[in-house]
Amino acid sequence: MIHMLDRYQRLSGNKLHLKGEDITSLNYEELIAYEDALENGLTNIREKKDEIPKIMRKHEQALEEENKHLMYLVQQGEMAAMGDYQAHEPFSFRVQPMKPNLHERM
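Residue 105 in the numbering used here is what sits at position 105 of the sequence shown, and the numbering runs on without skipping anything.
Derived from the structure by calculation, the hints contain no laboratory data.
Hints are supplied without guarantee of correctness; some may be wrong.
Under the rule of at most 20 Å between Cα atoms (straight-line distance), these lysine to any residue pairs were calculated in the SDA-like manner [what the hints assert, rightly or not]:
#, residue 1, residue 2
1, K15, G41
2, K15, A37
3, K48, A37
Build out the structure end to end from the sequences listed, making use of the hints.
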């Protein structure tokens, strides 16, 4: 039980040191080690932050490609539906009904 209590106190002290609190009790080597750890953490965060736009561009390109493919499939489906419709008509074109010329009535 004493061993666990001692370990808890050490971890609590480490937590305070990492948060920047109670660093007056640290010696020079410990301060340098914490500084290095913080700088490494910042470097990792900055690298990940710089990767986000690259990932977003790749994701955007993938979505654009998928959109093009889906548009192609829709167009092919529409063309197939038109082909089926025209195959049932006796002629290959449709005639618009004549509309009266409204200018001649006056």
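Hint by hint, here is what the structure shows:
1. Between K15 and G41 the alpha-carbon distance is near 15 Å, which keeps this suggested pair within the 20 Å criterion.
2. A distance of roughly 13 Å separates the Cα atoms of K15 and A37; the hinted pair therefore holds under the 20 Å criterion.
3. About 17 Å separates the Cα atoms of K48 and A37, which keeps this hinted pair within 20 Å; it holds.
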